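Here the protein sequences come in this chain order: A and B. Mapping to the working numbering: the first sequence position 61 is 61, numbers consecutive. Mapping to the working numbering: the second sequence position 77 is 77, numbers consecutive.
Mixed in with the good hints there might be a few duds.
Said to hold, decoys possible - Selected chain A positions facing chain B (in silico; Cβ < 8 Å):
no., residue
1, Tyr-6
2, Ala-23
3, Ser-31
4, Val-39
Calculated from the structure, these hints are not laboratory results. From a predicted model like this one, the values you see are computed outputs, not experimental measurements. Note that the Cβ used here is the ideal one computed from N, Cα and C, for glycine as well.
Single-letter residue listing:
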Amino acid sequence: MTEPTYRDLDQVIHGRVRLALMAFLSTARESDFLELCDVLEVTRGNLSVQLRTLEEAGYVAVEKGYRGRRPHTAVAITPAGDAALHRYRQALLQLLGGGGA
Amino acid sequence: MRLPLHPIIMPSAASPHAAAAADLALIAAMKDRGRRAAADDGWYLLLWGTLGAVIVVVQYVAEVRDWAPSVLLWWWQPVFLLCALLGAAFVVTGLVSELRWLAGVGAGWWALMAYFTARGALVPMDFLVLAAAVALLVAAPGLWLVRGARHVPVVEPV
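Go ahead and model the full structure; you've got the sequences and the hints to work with.
If you want it as structure tokens, here you go:
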């Protein structure tokens with residue numbers, strides 16, 4: 001079996017903001033759009049794009065609704081997202097332990 | 001706390017190790033942030049646990065001093081179901097949030113479920129057992145979560 005390289009990593013998670021988002025949700029489990037903007041220090045537009053990428057991959061579930069009269073977007077990590085983050089982390093550890101690519 | 005997203009360390013052929021280490025550090029830091037966010041729930045546990053324990057103690061006093069109709073104790077007979085549900089909730093929360101010790105709290109509720117099931121019919125003293133359980137297995141974990149959230153180490157990326 002060949003050693004993993006950086007190019008073998010899951011490109012969906014590989015983006016720095018998406019990786020931070022997935023890691024945050026892996027322990028917080030769920031959050032909302034505004035909290036994620038605050039935690040990740042990204043603009044709403046940027047977060048929307050990143051969330052769409054993760055949602056299309058099935059790594060997060062996004063639910064739009066209302067809290068009172070205000071729009072509210074809930075974001076939660078999915079089991080597939082948990083598994084993907086775990087694989088990504090394992091691959092990184094292998095990269096470090098395996099002498100790099 | 002500023003998010004340790006910057007500087008953006010791009011993987012390069014020259015430093016794959018540095019990039020991997022930076023990613024791992026980012027994962028660790030963000031997991032800590034997530035745990036801290038989840039710990040906000042500790043306030044709810046602390047509040048409801050304290051309130052619940054006080055309410056159950058009041059019911060004990062009402063029962064032994066005959067302030068309340070004896071049907072009160074009868075209403076509490078299915079308390080083992082409540083213990084089972086709370087146990088499941090804590091175990092699932094502990095597993096999914098990586099706060100593994102919460103699963104131990106869930107096991108405590110299941111032990112209490114076994115106790116109440118073995119008891120069969122409740123007696124007034126069981127109110128005190130339940131009050132102690134609510135304090136120990138709801139309020140105390142809440143307090144622990146809140147305290148823990150203040151001591152989460154901030155891991156900066158390398």
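Hint-by-hint comparison with the structure:
Here the hint on A/Tyr-6 is kept, as its CB sits about 4 Å from the closest CB of chain B, short of 8 Å. With its C-beta approaching chain B no nearer than about 3 Å, A/Ala-23 sits inside the 8 Å limit, and its interface hint holds. Checking A/Ser-31 against chain B: minimum C-beta separation of about 7 Å stays under 8 Å; hint holds. Against a cut-off of 8 Å between C-beta atoms, the interface hint on A/Val-39 holds, since the closest Cβ of chain B lies about 6 Å away.
This entry satisfies every hint, going by the numbered hints stated previously.
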